[in-house]
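There are 2 protein chains.
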Amino acid sequence: MAYFDAASAAPLHPVARQALQASLDEGWADPARLYKEGRRARLLLDAAREAAAEAVGCRPDELSFTSTGTRAVHTGVAGALAGRRRAGRHLIVSAVEHSSVLHSAEAHEAEGGTVTQVAVDRAGRVTAASYAEALRPDTALACLQSANHEVGTEQPVAEVAEVCRAAGVPLLVDAAQSLGWGPVDGDWSLLAASAHKWGGPSGVGLLAVRKGVRFSVRGPVDERESGRAAGFENIPAIVAAAASLRAVRAEAAAEAVRLRELTERIRARVPRLVPDVEVVGDPVHRLPGIVTFSCLYVDGETLLHELDREGFSVSSGSSCTSSTLTPSHVLKAMGVLSEGNVRVSLPPGTPKEDVERFLEVLPGAVAGVREKLGAPAPAAQVLQEEVVVDSLGKRCPIPVIELAKVFGDVPVGGTVRVLSDDEAARLDIPAWCEMRGQEYVGEEPADRGTAYLIRRVS
Amino acid sequence: MAYFDAASAAPLHPVARQALQASLDEGWADPARLYKEGRRARLLLDAAREAAAEAVGCRPDELSFTSTGTRAVHTGVAGALAGRRRAGRHLIVSAVEHSSVLHSAEAHEAEGGTVTQVAVDRAGRVTAASYAEALRPDTALACLQSANHEVGTEQPVAEVAEVCRAAGVPLLVDAAQSLGWGPVDGDWSLLAASAHKWGGPSGVGLLAVRKGVRFSVRGPVDERESGRAAGFENIPAIVAAAASLRAVRAEAAAEAVRLRELTERIRARVPRLVPDVEVVGDPVHRLPGIVTFSCLYVDGETLLHELDREGFSVSSGSSCTSSTLTPSHVLKAMGVLSEGNVRVSLPPGTPKEDVERFLEVLPGAVAGVREKLGAPAPAAQVLQEEVVVDSLGKRCPIPVIELAKVFGDVPVGGTVRVLSDDEAARLDIPAWCEMRGQEYVGEEPADRGTAYLIRRVS
Numbered sequence: 001m002a003y004f005d006a007a008s009a010a011p012l013h014p015v016a017r018q019a020l021q022a023s024l025d026e027g028w029a030d031p032a033r034l035y036k037e038g039r040r041a042r043l044l045l046d047a048a049r050e051a052a053a054e055a056v057g058c059r060p061d062e063l064s065f066t067s068t069g070t071r072a073v074h075t076g077v078a079g080a081l082a083g084r085r086r087a088g089r090h091l092i093v094s095a096v097e098h099s100s101v102l103h104s105a106e107a108h109e110a111e112g113g114t115v116t117q118v119a120v121d122r123a124g125r126v127t128a129a130s131y132a133e134a135l136r137p138d139t140a141l142a143c144l145q146s147a148n149h150e151v152g153t154e155q156p157v158a159e160v161a162e163v164c165r166a167a168g169v170p171l172l173v174d175a176a177q178s179l180g181w182g183p184v185d186g187d188w189s190l191l192a193a194s195a196h197k198w199g200g201p202s203g204v205g206l207l208a209v210r211k212g213v214r215f216s217v218r219g220p221v222d223e224r225e226s227g228r229a230a231g232f233e234n235i236p237a238i239v240a241a242a243a244s245l246r247a248v249r250a251e252a253a254a255e256a257v258r259l260r261e262l263t264e265r266i267r268a269r270v271p272r273l274v275p276d277v278e279v280v281g282d283p284v285h286r287l288p289g290i291v292t293f294s295c296l297y298v299d300g301e302t303l304l305h306e307l308d309r310e311g312f313s314v315s316s317g318s319s320c321t322s323s324t325l326t327p328s329h330v331l332k333a334m335g336v337l338s339e340g341n342v343r344v345s346l347p348p349g350t351p352k353e354d355v356e357r358f359l360e361v362l363p364g365a366v367a368g369v370r371e372k373l374g375a376p377a378p379a380a381q382v383l384q385e386e387v388v389v390d391s392l393g394k395r396c397p398i399p400v401i402e403l404a405k406v407f408g409d410v411p412v413g414g415t416v417r418v419l420s421d422d423e424a425a426r427l428d429i430p431a432w433c434e435m436r437g438q439e440y441v442g443e444e445p446a447d448r449g450t451a452y453l454i455r456r457v458s
Numbered sequence: 001m002a003y004f005d006a007a008s009a010a011p012l013h014p015v016a017r018q019a020l021q022a023s024l025d026e027g028w029a030d031p032a033r034l035y036k037e038g039r040r041a042r043l044l045l046d047a048a049r050e051a052a053a054e055a056v057g058c059r060p061d062e063l064s065f066t067s068t069g070t071r072a073v074h075t076g077v078a079g080a081l082a083g084r085r086r087a088g089r090h091l092i093v094s095a096v097e098h099s100s101v102l103h104s105a106e107a108h109e110a111e112g113g114t115v116t117q118v119a120v121d122r123a124g125r126v127t128a129a130s131y132a133e134a135l136r137p138d139t140a141l142a143c144l145q146s147a148n149h150e151v152g153t154e155q156p157v158a159e160v161a162e163v164c165r166a167a168g169v170p171l172l173v174d175a176a177q178s179l180g181w182g183p184v185d186g187d188w189s190l191l192a193a194s195a196h197k198w199g200g201p202s203g204v205g206l207l208a209v210r211k212g213v214r215f216s217v218r219g220p221v222d223e224r225e226s227g228r229a230a231g232f233e234n235i236p237a238i239v240a241a242a243a244s245l246r247a248v249r250a251e252a253a254a255e256a257v258r259l260r261e262l263t264e265r266i267r268a269r270v271p272r273l274v275p276d277v278e279v280v281g282d283p284v285h286r287l288p289g290i291v292t293f294s295c296l297y298v299d300g301e302t303l304l305h306e307l308d309r310e311g312f313s314v315s316s317g318s319s320c321t322s323s324t325l326t327p328s329h330v331l332k333a334m335g336v337l338s339e340g341n342v343r344v345s346l347p348p349g350t351p352k353e354d355v356e357r358f359l360e361v362l363p364g365a366v367a368g369v370r371e372k373l374g375a376p377a378p379a380a381q382v383l384q385e386e387v388v389v390d391s392l393g394k395r396c397p398i399p400v401i402e403l404a405k406v407f408g409d410v411p412v413g414g415t416v417r418v419l420s421d422d423e424a425a426r427l428d429i430p431a432w433c434e435m436r437g438q439e440y441v442g443e444e445p446a447d448r449g450t451a452y453l454i455r456r457v458s
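From first to last, the protein sequence lines stand for chains A and B.
Just so we're aligned: 106 in full-length UniProt numbering is position 106 of the first sequence, and the numbers increase by one with no gaps anywhere.
Just so we're aligned: 99 in full-length UniProt numbering is position 99 of the second sequence, and the numbers increase by one with no gaps anywhere.
Among these hints, one or two may not hold up.
Where chains are identical, the list cannot tell them apart; a pair therefore holds if satisfied intra-copy or between any two copies.
As the list claims (entries may be wrong) - No farther apart than 30 Å at their CA atoms in a straight line, the calculated lysine-lysine pairs in the DSSO-like style are these:
| no. | residue 1 | residue 2 |
| --- | --- | --- |
| 1 | K405 | K352 |
| 2 | K394 | K405 |
| 3 | K211 | K394 |
| 4 | K36 | K394 |
| 5 | K36 | K372 |
| 6 | K36 | K352 |
| 7 | K372 | K394 |
| 8 | K405 | K372 |
| 9 | K352 | K394 |
Don't read these hints as lab results, they were simulated from the structure.
Based on the sequences and whatever the hints tell you, model everything.
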């Protein structure tokens with residue numbers, strides 16, 4: 001069995017387990033109390049805060065422990081927006097942020113605020129120039145992830161922080177994916193992270209708010225954690241989170257080199273082992289352990305099941321694997337193929353052999369899924385000028401499979417018109433054209449659904 | 001060492017520890033994922049929800065796990081108020097609720113809502129009639145604790161629920177103190193609780209919202225826990241919380257009898273062992289493990305330190321033990337003495353010997369504090385018609401000590417005028433009169449602070 005979904009949650013680090021067990025005995029009491037058990041709990045909490053602050057690169061009194069990374073983002077965004085209410089109500093986020101940031105932005109819009117989404121390039125990366133362009137006199141806050149959770153692309157946080165600083169706008173960095181690898185560079189104002197991403201226990205997030213950043217807590221008052229996390233502190237888990245952060249940091253430099261080699265191997269080998277694959281994400285500016293690729297003519301959910309049966313746990317941004325049946329907003333913003341999408345995120349310590357076995361198993365798994373779906377093989381050419389494909393009522397990846405099946409039937413210069421009412425088609429048909437070097441003419445409304453026009457150019 | 005502050009936090013139950021350790025291996029992955037580790041986590045979460053729902057007395061799909069009991073209250077109150085926004089913006093709470101409820105009420109007022117605080121009697125208990133009186137056509141929600149956290153008084157929840165139900169108003173019950181002892185009777189609509197109060201781990205609260213109750217989640221959307229708890233589920237802690245709830249429930253009936261005998265013994269013995277003590281809270285309708293008393297002429301913080309040195313961990317609602325230097329709002333609402341306040345809350349399993357030793361130690365500890373503060377001994381009587389005591393700049397319990405010292409100096413019918421600028425005096429001087437059977441005439445503004453008038457009647 002190989003668990004390749006560390007970007008969702010990492011198994012508990014042995015140091016976290018040890019620290020958790022030790023502090024279950026010492027850290028259960030109320031740290032606000034003056035008696036012995038309370039004082040002991042307070043000491044543990046203070047020590048954990050110092051250790052975590054050192055790893056983050058902030059002062060202990062700038063750091064609060066929250067219940068989850070999502071909660072840290074929600075509280076951080078809402079508090080910074082409220083604190084800067086006088087400056088204005090404009091919020092900047094990148095188009096590829098984690099859902100916790102995008103949901104915060106939606107809530108802000110629902111309350112009358114305005115939001116600018118900064119676009120990314122095909123590798124999923126923003127530029128400082130695009131943040132500079134988005135900044136307005138009424139901008140209250142900008143948000144940028146340190147690295148993307150789906151494709152591993154690292155963002156130019158330091159440059160964006162500089163641009164924001166020059167405009168007097170605080171920058172909140174969602175460092176959930178990267179904090180285990182090292183502190184976030186640059187002059188950020190707020191930072192959020194989540195312990196279970198670095199091998200800490202569930203139930204601990206952290207929120208750093210630099211001194212001098214205007215911050216106003218929303219909602220009911222609470223005395224604990226500077227009012228930034230409501231209710232009784234989860235000290236055993238906090239202690240374990242801080243201890244494991246130190247532990248993974250001690251191993252980070254060496255492990256990053258090792259995992260980067262493994263993911264580099266996947267990046268290089270997958271397109272050679274599997275036909276019609278697009279590896280996505282920035283090839284250089286990327287996290288050590290994440291690699292993502294999409295396979296044409298493949299149903300993501302079926303592929304995940306096949307890989308699970310072979311003993312590999314991976315995730316996917318394909319529409320068929322989400323409860324809403326829409327493709328990942330990250331892949332969408334990047335404009336890359338979303339069908340047959342696979343994210344491999346290796347936990348520290350992943351043995352090379354597991355990666356090799358994955359590379360052995362993957363081609364057969366993809367081929368099996370394609371065969372079941374009737375994916376195209378080279379067809380006898382009839383050369384019609386325009387072919388219409390009716391994919392109404394069919395879901396990803398069927399519309400693209402049907403497009404590919406008939407594509408050989410039109411002569412160069414001819415067109416295919418795909419009728420589809422599947423939201424993923426809007427993303428995947430242009431992506432197929434990009435991959436195949438064919439011309440995507442555009443879409444137009446049809447009687448039912450949408451007609452997508454593709455011109456054969458070669 | 002004896003830990004007598006279970007109402008703050010109970011040490012981890014052995015069953016909780018076992019369940020936590022077992023599920024650290026099985027429950028760390030994302031339960032929303034389809035691969036093996038995710039399915040295992042989902043099974044654990046589902047089983048824990050079923051067990052907890054059974055203990056609460058609701059359907060599993062009515063129950064969400066939150067990060068703390070405080071968060072459960074904040075989310076429950078805000079969600080129910082938002083869901084009933086069309087009915088109106090009036091909220092009813094009792095005057096002795098936990099701070100999480102009162103802070104929610106303050107936040108609601110800050111947003112333009114209105115709040116009615118229902119008063120309690122001297123035992124800390126509300127009546128259904130007073131809730132009936134507080135209900136208005138625009139009442140959106142009523143809140144009532146199942147039992148009080150400072151004095152242990154149980155509230156008539158079933159009767160209040162009936163009154164609310166008849167008016168079509170949902171009732172939110174804060175069951176944090178009582179859920180370990182049994183389900184909450186009556187037709188409540190929402191219920192909040194906290195696992196570390198029943199020997200579960202920190203980091204788990206629960207919020208039940210009955211089907212049919214209008215509820216609208218405030219703030220950013222999140223997919224997990226019906227949107228009622230943001231971020232990654234803390235499954236190992238949730239499993240431990242559910243397991244320990246079952247375990248304490250299995251022992252509850254027998255343990256309640258045993259602890260009730262112990263607290264009854266404290267209730268009966270303390271006033272005989274220590275002069276000038278008031279035992280507060282309802283003598284009949286009360287939780288098994290909590291007993292609270294106040295000692296005249298005693299500084300609460302010093303007494304807590306003395307008891308800590310003797311190996312007893314207790315808490316206090318005295319002003320000197322709070323960061324804001326105001327006495328507990330609960331004692332204030334009850335109109336009882338707040339100085340020298342001690343809350344003893346016994347964890348299940350407390351040995352009788354610990355309680356006996358506490359009763360041995362307490363009289364000396366109180367006497368020692370009184371001696372240091374120069375508390376009154378019977379004085380030679382000079383019989384002036386009015387004596388003025390200047391306690392300006394002195395804090396609880398000094399004003400009452402100085403009142404008592406001179407009280408023998410006035411004849412029956414004469415008055416003492418105490419000048420004080422300590423907020424606790426407003427509560428404690430009338431309480432002293434009540435205990436002593438003397439007449440509290442009232443207060444009037446003085447050049448500095450307030451003058452409190454007391455007439456000697458016996």
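Hints and how they fare:
For a Cα distance limit of 30 Å, the shortest separation of K405 from K352 qualifies neither inside one copy, at 37 Å, nor across copies, at 82 Å. For the homomeric pair K394 and K405, the shortest alpha-carbon distance inside one copy (15 Å) is at most 30 Å, but the shortest distance between copies (90 Å) is not. Taking the closest pair of Cα atoms, K211 and K394 never come within 30 Å of each other, the shortest separation being 54 Å inside a single copy and 36 Å across copies. When the C-alpha separation of K36 and K394 is checked against a cutoff of 30 Å, the pair qualifies only between copies, where the shortest distance is 29 Å, while the shortest distance within a copy is 66 Å.
Taking the shortest Cα distances, K36 and K372 sit within 30 Å of each other only across copies (23 Å), while inside one copy they are farther apart (66 Å). When the C-alpha separation of K36 and K352 is checked against a cutoff of 30 Å, the pair qualifies only between copies, where the shortest distance is 21 Å, while the shortest distance within a copy is 49 Å. Proximity of K372 to K394 under the C-alpha cut-off of 30 Å is restricted to the intra-copy arrangement: shortest distance 15 Å within a copy versus 85 Å between copies. For the identical chains of this complex, K405 and K372 are intra-copy neighbours only, at 14 Å inside a copy versus 94 Å across copies, given an alpha-carbon limit of 30 Å.
In this assembly of identical chains, K352 and K394 lie within 30 Å of each other by CA distance neither inside one copy nor across copies; the values are 39 Å within and 72 Å between.
Taken one by one, the earlier hints fail for this structure at numbers 1, 3, 9, listed in ascending order.
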